[in-house]
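Protein chains in written order, with this note's numbering: chain C, 1 to 425; chain G, 1 to 351; chain S, 1 to 624.
These are computed hints drawn from the structure, not numbers from a lab.
On a predicted model such as this, the values are computed, not experimentally measured, just so you know.
Check the hints yourself; a few may be wrong.
[To be verified] In silico DSBU-like cross-links for lysine-lysine, where the CA-CA straight-line distance does not exceed 30 Å:
(1) S/LYS391 - S/LYS77
(2) S/LYS329 - G/LYS39
(3) S/LYS346 - C/LYS90
(4) G/LYS39 - S/LYS604
(5) S/LYS445 - C/LYS90
(6) G/LYS39 - S/LYS562
(7) G/LYS50 - S/LYS329
(8) G/LYS39 - S/LYS153
(9) S/LYS110 - G/LYS39
(10) G/LYS270 - C/LYS311
(11) S/LYS433 - C/LYS90
(12) S/LYS265 - G/LYS39
(13) S/LYS537 - G/LYS50
(14) S/LYS265 - G/LYS50
(15) G/LYS39 - S/LYS433
(16) G/LYS196 - S/LYS342
(17) S/LYS353 - G/LYS196
(18) S/LYS248 - S/LYS38
(19) G/LYS196 - S/LYS329
(20) S/LYS241 - G/LYS50
(21) S/LYS470 - G/LYS39
(22) S/LYS116 - G/LYS50
(23) S/LYS217 - S/LYS102
(24) S/LYS205 - S/LYS175
(25) C/LYS90 - S/LYS77
(26) S/LYS509 - G/LYS39
(27) S/LYS604 - S/LYS353
(28) S/LYS329 - S/LYS38
(29) S/LYS217 - G/LYS39
(30) G/LYS164 - C/LYS16
(31) G/LYS39 - S/LYS241
(32) S/LYS77 - S/LYS259
[What the hints assert, rightly or not] Covered by chain G, per the in silico footprint, the following chain C stretches (three or more residues, Cβ under 8 Å):
(33) 138 to 145
(34) 382 to 392
Where a beta carbon is used, it is the ideal one built from N, C-alpha and C, also for glycine.
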Amino acid sequence: MIAAFKRLKASRGVGKFCRNRLAVAALGIIVLYALVGGWVALGDLLPGRAGITYAQVEQPVWPTPINGFGIPATNERRVEAARIITREVKRAVNNGEGFTDIRYGLLHILPGTADSDTELDRLSTLIEESEDLYDQLSEFDDLNSPEPPMLDDGAPDPDSIDVPSTIARLEGAVRQMFAPLSGWQSLKQSLLHSLGTDRQGRSNFLRVIFSIKVALQVGIVVAIISVLVGTFLGAAAAYFGGWVDHAVVWLYSTLSSMPELILLAVLVYAFSGSVFDKVSNPWLALVPVYAAMCMEFWIGPCRVIRGETLKLKELEYVQAATAIGFGRFYILLKHVIPNTVHLMFINFSLLFIAAIKFEVVLSFLGLGVKVGPSWGRMIQESTQEVINGIFWQIGAATVFMFVLVLAFNIVSDALQDAFDPKHVG
Amino acid sequence: MWSYVARRLLYSIPVYLGIILIMMGALRLRDPVSAYLGKNATAETALLKKASMGLDRPFLPIGIEDPAEPFGIEPIVEVGRVGFYPPLRTQYVEFLWRILRFDFGTAERPYRSWQFESDNVGAKLADAVWPTLKITIPALVLTATIAILVGLLSAAYRGSVLDKTLMVLVVLGMSISVVVFIVLGQVFGSSWLNGKLGFELFASNGYEPGIQNWVKYCALPVIIGVVVGMGYDARFYRAVMVEETSRDYITTAVAKGAPRHKIIFVHMLKNAMIPVITRIMITIPFLITGSIVMEYQFRIPGMGKLLIDAIVNKDFPIIQTFTAVLAGLFILTNILTDVLYALVDPRVRLA
Amino acid sequence: MMRRPRSSTTCSLLAGAVGLLVAMLALSPVAAQSTGEKFARLPIRSDGPKSLDPAKGSTSYDNQVVCQIYETLLQYKYLVRPDSVTSYEDVSEPLLLAEMPKVSDEADGKQVWKFKLRDDVFFHDDACFPGGKGRKLATDDVFYSWKRLADPKYEYENYWLLQDTILGLDEFKEKFATRQPSKSEPNPPPPPPFDYAAPVEGFRKVSDTEFEVILKKSVVRFGWVISMFQTSIVAREAVEKYGDTLGKHPVGTGPFILKNESDWKPGQNMILHRNPNYRTELYPSEATPKEQEQGLLASAGQKLPLLDRIELTFYTPDPVMWQDFQDRKIALVQVPAEYFEKAFVKRTKRLTKEYSDNGIQAEAVPLLDFIFRGFNMEDPILGGYDEKRTKIRQAISLAVDLDEHNDTFYNGINVVYDGPIPPPLDGFPKNGKAPNSFRGPNLRKARELLAEAGYPEGRGLPEIEYYTSKGSNQAEQTQAEIRQLARIGIRLNPKMVDFSELIEAINQKKAQMFGFAWGSDYPDPENNLALFYSRNKAPGANHYNYDRPEFDKLYEQIIVMKPGPERTRIIEQMRDMVIADVPFVGSMARTRFYLAHPFLKNFKPSEDFYNWFKYLDVDASAPR
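When you get a sec, could you build the whole thing from the sequences and use the hints?
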């Protein structure tokens with residue numbers, strides 16, 4: 001096999017591919033995604049030190065939804081965030097609990113010193129100030145378009161508070177409850193807020209990055225398994241012929257006679273709810289999705305490789321090898337399959353795209369990824385936000401997915417042009 | 001040729017039986033009765049429901065009766081713990097028998113859906129076909145037309161700016177998930193657009209029968225379907241056309257001085273029709289399934305929505321019938337395609 | 001210039017297609033019909049009812065439609081909404097009856113209910129009657145309709161309403177029930193066919209309009225049951241003619257009719273027309289003060305129903321329903337939680353200026369909800385009445401932050417309270433706080449209890465399997481709970497399954513912990529306390545498999561006790577017992593907000609009963 005790869009590298013196809021600058025750029029983007037995904041996956045192996053864990057993604061980075069790109073939230077939202085934070089801190093102070101549970105992204109209340117009396121006093125003062133300002137603001141019915149209260153004679157009340165500055169003071173008081181962030185930390189915090197948050201206050205940025213790992217996971221697993229299974233079965237069917245061929249053809253005729261989405265849905269339904277839905281083992285959680293997709297996807301490569309093998313079977317060097325007396329399995333593995341490697345690559349990239357897109361549709365229908373973010377779930381969760389005019393979640397998910405799928409499309413086109421120029425369809 | 005058809009049909013029978021077996025088996029891995037129990041169910045109710053659903057019988061003629069869940073049918077012969085039951089009283093064979101008679105519920109001998117207890121499965125499927133076709137057929141026609149056009153032009157002017165632009169646009173359509181198009185389509189294509197126009201051009205959801213309502217309810221899903229589906233076809237046709245341009249007859253035509261548009265639209269198109277037709281024929285069975293996601297979001301009562309509702313609500317009769325009918329259709333269409341292909345292209349021999 | 005033969009055909013084809021498109025465009029905005037009828041389009045927030053047969057009805061969506069077409073003996077008073085309800089007499093009035101039933105207790109513990117039917121009730125005109133004219137309602141119809149609930153053909157779906165209540169009815173049901181094979185009787189004979197003519201001791205006919213129902217004991221629930229849609233009166237002729245298609249072809253006595261079967265397009269909509277032969281029923285003149293102030297008595301004395309036609313549209317995705325309300329396509333809407341902030345200022349729970357300026361009406365409807373996270377008391381690790389396991393559950397309860405849930409997912413409009421009894425029923429603790437509450441969050445105490453139970457910081461406690469349904473924001477709520485419990489070291493393994501699987505898991509006692517809810521069938525706390533009655537264990541409503549003999553004894557007491565201070569005291573005792581044992585973490589009751597366009601009149605929604613569509617009216621500005 002190694003020899004086959006060496007031959008591949010030196011072949012004309014690779015050269016042609018490298019000359020296509022767009023394809024190389026797209027490949028670069030894919031590598032970038034792979035690096036990010038791999039880094040995220042480190043979160044499972046080295047939690048806390050590298051990567052992103054599921055728990056981190058679920059953590060709200062702010063108590064209320066916020067806009068991306070730094071666009072400020074409405075007054076009502078800002079006041080509500082202040083109220084929630086004040087309530088949390090007050091409860092922690094009253095119950096004598098530590099403050100480790102109050103975290104919004106990188107914002108947290110300094111541990112250790114929180115037990116000291118001075119720190120508790122300081123927090124209590126801030127709590128009082130915040131509640132006081134909040135009460136002042138409750139005069140207004142709608143802080144987003146506040147109407148100044150009128151005096152009896154119809155003139156505006158000169159003693160009424162100025163809403164924007166009061167809100168600013170409220171936010172200031174709340175911000176002081178938290179430990180100050182260093183420059184680097186506040187940069188990270190604003191990165192977390194960069195693409196806005198969803199309804200629970202979870203960072204869209206984190207979620208969309210985490211979803212890269214999910215997508216790559218699904219794509220790689222499904223594509224590799226499908227290609228390997230399909231290749232082996234297809235080659236075997238064509239090479240050995242006879243009942244092996246009949247069996248394989250029967251199998252894929254059966255499976256491809258069912259509409260894809262139905263088969264997928266029925267399989268996911270059949271597999272679901274059992275051992276697989278474990279958050280603690282995210283690799284296992286997607287097994288129903290993998291199984292369902294692989295059962296459908298292996299057919300493509302199988303047909304293609306079978307066709308190719310039928311042609312290769314008649315070539316002279318194969319016949320020569322048979323004549324010399326090499327075993328059939330040996331010929332299959334050493335001579336036939338290596339010459340289909342280029343088709344395997346092409347199919348891999350095509351199936352990768354198909355897997356990602358299918359995952360999106362399945363998750364959108366609620367049948368796919370059930371725990372943790374994925375692009376499909378983000379889009380599904382965003383359907384109600386969109387009617388309210390909030391496009392952060394759907395925008396982030398769509399753009400990130402779009403770039404990856406586009407890159408793969410370009411690469412697989414280039415691969416086909418390079419290795420299989422007569423290929424049609 | 002007829003021997004080929006006969007052989008293929010014969011060959012398909014085990015395939016078909018296999019599909020039905022796999023599908024019914026997969027469904028029965030989970031117990032659907034709980035979904036239909038009301039609020040204060042008793043064990044009695046559960047048993048009665050099970051009997052009325054026909055699930056109290058064995059699935060296959062060979063089975064082991066579980067004392068906790070008795071079949072209530074006498075085995076013909078018992079070998080140890082394994083019993084052989086009369087085939088017609090098993091769920092699998094009973095369903096096959098139904099398919100054979102093509103009997104999916106009549107007034108006298110009803111075959112009721114579990115969700116819609118007053119409706120026969122056959123009637124429900126028949127009602128759902130037409131709305132789906134109203135979307136898939138126009139979508140197919142439009143997609144094919146535009147894709148062929150794009151493919152032709154791209155191939156004819158291969159390498160030019162036009163080609164590159166068209167391919168970029170096409171890939172764009174393919175790289176954004178259909179669900180995004182649906183969500184955005186409903187917001188912008190409907191509510192926003194209607195606001196700007198002052199009257200309702202596209203409804204954001206729903207369905208009413210009648211040709212005059214087509215634009216209102218079906219046009220938007222069709223447009224989205226075309227945008228998403230066109231990509232694959234366009235690239236395929238482009239590749240086909242590219243292959244055609246290298247042929248000798250094109251060189252001859254150019255040498256003879258034929259104008260470019262005639263070459264494109266007359267010669268290339270005619271000769272490339274074979275793979276085009278094949279591809280279109282392959283997608284015909286899919287016309288009936290429709291797009292599940294589209295119908296669900298747009299609340300169109302077509303086959304896709306019927307199926308997804310049946311799956312979510314564990315309505316076995318509908319799922320089984322749907323799959324049985326569709327699989328049969330697929331198999332027949334596959335055979336038909338192969339035959340047509342052979343008839344049209346004398347170079348192809350039916351194996 | 002050479003002509004392009006192909007192009008000309010293409011051109012003409014294209015022209016033809018464009019022409020067709022233009023023609024269809026021109027035809028499409030044709031108005032549906034301007035018949036001058038008064039109608040309103042109302043949403044139903046599901047795929048629609050499964051069946052219009054009362055004996056098979058189970059969900060509130062079935063209820064919403066069935067009660068427009070069929071009627072029960074009693075109904076809820078539309079405009080009487082007292083702050084607290086004790087007995088059915090507080091809020092019920094006769095509908096098919098001429099007067100409220102007279103109840104008398106016998107010396108031997110039985111209770112006799114004397115009913116007198118109205119003399120002017122007729123069934124809808126339908127082909128099942130001779131000559132197509134609807135027949136007058138009579139006593140036999142009431143007995144027939146209630147006997148149907150005991151007919152095994154309907155799988156006893158709603159028999160629980162009359163179980164252990166009417167004298168002789170249980171025996172009547174048993175006579176026709178299929179006996180299951182057992183050790184002593186491996187092949188029991190099949191039961192005789194169901195015979196509606198067989199007598200039931202508790203159904204005593206006096207005349208065609210007067211009858212008595214004898215109860216085994218003074219079952220308090222019965223007064224509520226006779227307003228529930230499952231006990232609606234159906235016509236025997238209709239059942240015999242339509243058999244199991246009665247679900248599509250209802251024949252009732254109510255203010256609306258389903259004129260043709262095709263008026264119901266499943267999954268799409270249903271059109272109900274006014275019953276042209278409806279008897280004289282008038283808009284109520286009795287109202288509690290708040291409703292009077294709202295001007296709801298303006299139509300008092302008018303003949304019902306006020307609308308000629310109502311179109312019920314079924315919506316499954318919420319965004320679509322919300323958009324249709326914005327486009328004035330539906331007259332009212334239940335505000336989904338996601339859109340609350342579009343119409344209301346979250347902080348004050350009042351309409352935004354934009355909405356109130358447009359005259360949109362808003363109503364807050366508190367629901368009789370009991371939203372909880374339950375435990376399987378028979379689970380070896382989590383369930384049990386001993387100290388160790390109770391402490392684990394208490395710790396879990398103290399770690400869950402229901403206020404955060406309320407704020408994040410329900411815009412703070414829900415009521416968070418202790419115990420299983422929602423406001424405003426008897427037994428609801430004052431201000432929602434019970435004396436022995438374990439409501440969180442109190443992480444310090446939770447950690448203490450967990451350590452006392454032998455799992456300091458959750459070490460040694462295996463993952464807990466937590467089943468929830470897949471609904472709209474359930475996934476997010478579950479993830480919030482996982483986060484909350486992780487704070488004290490407890491790990492949840494969430495299984496988000498669809499509703500039927502959730503029921504299955506609970507019924508098979510596989511779910512250690514599950515998120516669920518109970519909506520009271522009627523405003524009596526007994527309905528909620530029944531959830532802890534040991535006889536209702538899975539597959540019944542006692543999903544926790546709670547089993548305490550002391551509780552059972554008290555329960556059996558209150559089902560027959562007349563409402564009053566003595567009964568309330570026992571109810572409170574039961575409530576505190578349940579709170580101490582922590583078979584669930586709870587609770588929350590939702591407040592549903594409704595919006596209506598200004599053209600909809602007499603708008604006072606309720607979810608305790610649904611037959612208020614007949615009171616609705618529209619003014620001239622409504623779409624026609």
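These are the hints, each one checked on the structure:
As the CA atoms of S/LYS391 and S/LYS77 are separated by approximately 45 Å, the hinted pair breaks the 30 Å bound. For the suggested pair S/LYS329 and G/LYS39, the alpha carbons sit about 33 Å apart, so the restraint of at most 30 Å is broken. With a C-alpha separation of about 21 Å, the suggested pairing of S/LYS346 with C/LYS90 holds against the 30 Å cut-off. Simply put, G/LYS39 and S/LYS604 have alpha-carbon atoms about 27 Å apart, close enough for the 30 Å limit, and the pair holds.
With a C-alpha separation of about 17 Å, the suggested pair S/LYS445 and C/LYS90 falls inside the 30 Å cut-off, and the hint holds. The suggested pairing of G/LYS39 with S/LYS562 holds, with an alpha-carbon distance near 26 Å, which does not exceed 30 Å. The straight-line distance between the Cα atoms of G/LYS50 and S/LYS329 is roughly 42 Å, outside the 30 Å bound, and the hint therefore fails. Restraint check for G/LYS39 and S/LYS153: the C-alpha separation of about 18 Å stays at or below 30 Å, so the hint holds.
Restraint check for S/LYS110 and G/LYS39: satisfied, since their Cα atoms lie roughly 28 Å apart, inside the 30 Å limit. Between G/LYS270 and C/LYS311, the direct Cα distance comes to roughly 29 Å. Compliance with the 30 Å bound is thereby established for this hinted pair. Taken as a hint, the S/LYS433 and C/LYS90 pair is honoured in the structure, with Cα atoms around 20 Å apart against an allowance of 30 Å. For the given pair, S/LYS265 sits about 26 Å from G/LYS39 by alpha-carbon distance, which is consistent with the 30 Å threshold.
Using a Cα cut-off of 30 Å, the hinted pair S/LYS537 and G/LYS50 holds, with the two alpha carbons roughly 20 Å apart. For the hint pairing S/LYS265 with G/LYS50, the CA-to-CA distance comes to about 28 Å; that is within 30 Å, so the pair holds. Restraint check for G/LYS39 and S/LYS433: satisfied, since their Cα atoms lie roughly 29 Å apart, inside the 30 Å limit. Straight-line distance between C-alpha atoms of G/LYS196 and S/LYS342 comes to about 21 Å, which keeps the hinted pair within the 30 Å bound.
For the hint pairing S/LYS353 with G/LYS196, the CA-to-CA distance comes to about 24 Å; that is within 30 Å, so the pair holds. Proposed proximity of S/LYS248 and S/LYS38 is supported: the alpha carbons are some 25 Å apart, at most 30 Å. For the hint linking G/LYS196 to S/LYS329, the alpha-carbon distance of about 17 Å falls within 30 Å, and the restraint holds. Of the pairs offered as hints, the one joining S/LYS241 and G/LYS50 holds, with about 26 Å between alpha carbons and a cut-off of 30 Å not exceeded.
For the hint linking S/LYS470 to G/LYS39, the alpha-carbon distance of about 19 Å falls within 30 Å, and the restraint holds. With a CA separation close to 40 Å, the supplied pair S/LYS116 and G/LYS50 exceeds the 30 Å bound. The suggested pairing of S/LYS217 with S/LYS102 holds, with an alpha-carbon distance near 15 Å, which does not exceed 30 Å. Among the hinted pairs, S/LYS205 with S/LYS175 is consistent with the structure: their alpha-carbon atoms are about 22 Å apart, no more than 30 Å.
Between the alpha carbons of C/LYS90 and S/LYS77 the distance comes to roughly 45 Å, so the proposed pair goes past 30 Å and is violated. Restraint check: the Cα-Cα separation between S/LYS509 and G/LYS39 comes to about 17 Å, which is no more than 30 Å; the hinted pair holds. For the hint pairing S/LYS604 with S/LYS353, the CA-to-CA distance comes to about 22 Å; that is within 30 Å, so the pair holds. Restraint check for S/LYS329 and S/LYS38: the C-alpha separation of about 15 Å stays at or below 30 Å, so the hint holds.
Distance restraint check for S/LYS217 and G/LYS39: the Cα-Cα separation of roughly 24 Å lies within the 30 Å cut-off, and the hinted pair is therefore satisfied. Using a Cα cut-off of 30 Å, the hinted pair G/LYS164 and C/LYS16 holds, with the two alpha carbons roughly 18 Å apart. Straight-line distance between C-alpha atoms of G/LYS39 and S/LYS241 comes to about 29 Å, which keeps the hinted pair within the 30 Å bound. With a CA separation close to 27 Å, the supplied pair S/LYS77 and S/LYS259 stays within the 30 Å bound.
Counting residues of the region 138 to 145 of chain C whose beta carbon lies closer than 8 Å to any beta carbon of chain G gives 0, which falls short of the minimum of three for the stated coverage. Requiring three or more residues with a Cβ within less than 8 Å of a Cβ of chain G, the coverage given for the region 382 to 392 of chain C holds, as 4 such residues are present.
Comparing the model with each earlier hint shows violations of hints 1, 2, 7, 22, 25 and 33; every other hint is respected.
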